[in-house]
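Engineer: Residue strings, one per chain:
There are 2 protein chains.
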Amino acid sequence: MSPERPTLRVAKIREGTVIDHISAGNALVVLRILGITGREGFIVSVAMNVPSKKLGRKDIVKIEGRELSREEVDKIALIAPRATINIIRDYKVVRKHRVRLPKVIKNIVRCINPACITNEREPVEPKFYVVSEEPLRLKCHYCGRIMEWPDILASLYEGSS
Amino acid sequence: MSPERPTLRVAKIREGTVIDHISAGNALVVLRILGITGREGFIVSVAMNVPSKKLGRKDIVKIEGRELSREEVDKIALIAPRATINIIRDYKVVRKHRVRLPKVIKNIVRCINPACITNEREPVEPKFYVVSEEPLRLKCHYCGRIMEWPDILASLYEGSS
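Top to bottom, those sequences are chains A and B.
Throughout, my numbering is defined as the position within the first sequence, counted from one, plus 636.
Throughout, my numbering is defined as the position within the second sequence, counted from one, plus 636.
What the hints contain is simulated information worked out from the structure, not anything from laboratory work.
It cannot be assumed that every hint is accurate.
If several chains are the same, the list does not tell them apart, and a pair holds so long as it fits within one copy or across any two.
Taking lysine-lysine and the BS3-like style, the derived pairs with C-alpha atoms no more than 25 Å apart in a straight line are [unchecked claim]:
{"id": "1", "residue 1": "690", "residue 2": "648"}
{"id": "2", "residue 1": "775", "residue 2": "728"}
{"id": "3", "residue 1": "648", "residue 2": "689"}
{"id": "4", "residue 1": "763", "residue 2": "728"}
{"id": "5", "residue 1": "728", "residue 2": "739"}
For clarity, every value in this text was computed on a predicted model and none was experimentally measured.
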């Protein structure tokens, strides 16, 4: 029998941002929301579906050498409302916050209404108001269409920029 | 000054597959090619842009509890021709191989020709022949269109299933 190994799957980082407690299986969507493809050159570590005391299973993302802004952090709330964000300097947590859902969501979710102006060839950026947080419901600024949670999820997974 | 920390960013795994020496910044495309989204429940660890003696920088993917098949491994050759695959059991490497470019590529790359039957609503799966390995060039089975490396790359990043 093998000895038990430590469960830490991703090492500590010196400087940067740790996004912890992402709902299991959603780390790649978090990266997409942050616009991280890997080709930016930052060292990024991801662990998916790892055991968690709080959540059962969770995902973690660590971005070295980059501190996320408040605005970037809040975008993550869409897909990972229980995520915690730690800003690290010299291996220490210097700032810690929970994500907070913004009132207006721009450029992340796409309107489900095919006739909406944001789905035409016009250069109009999608924009939604949060009308309910739990379950999450969004209202399109342009056509008024209400997006239910499954629609939002589908749009996030779909991978529009 | 902080002491130097170990550079191992992702821990050893007990059982599964380690894909090492992926060209830097391409780990997420490798996951996409393998059809891994994170929602399958496997524990997956990813490290991007980490220092490498051989490649300068590289990406690594570790999939716990899943041994990739030869066919799956070969698909990776498209984006990571220098990748090495280690199959792990009880923390030991039991099989090690390099990726090998298949002669026929199915369902990964999409034909750039808008008039190609694979881009119609027909249920026809894209299929290409490898006509050159370096630089990679593919020929569409259906319309004969030659796909150059930038076209192939764009198609892989685009994220078609």
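Engineer: Confirm or reject each hint.
Structural biologist: Consistency of the hints with the structure:
1. 690 x 648: both (20 Å within a copy, 24 Å between copies)
2. 775 x 728: For residue 775 and residue 728, the Cα distance exceeds 25 Å both inside one copy (40 Å) and across copies (53 Å).
3. 648 x 689: both (19 Å within a copy, 21 Å between copies)
4. 763 x 728: neither (37 Å within a copy, 51 Å between copies)
5. 728 x 739: neither (31 Å within a copy, 50 Å between copies)
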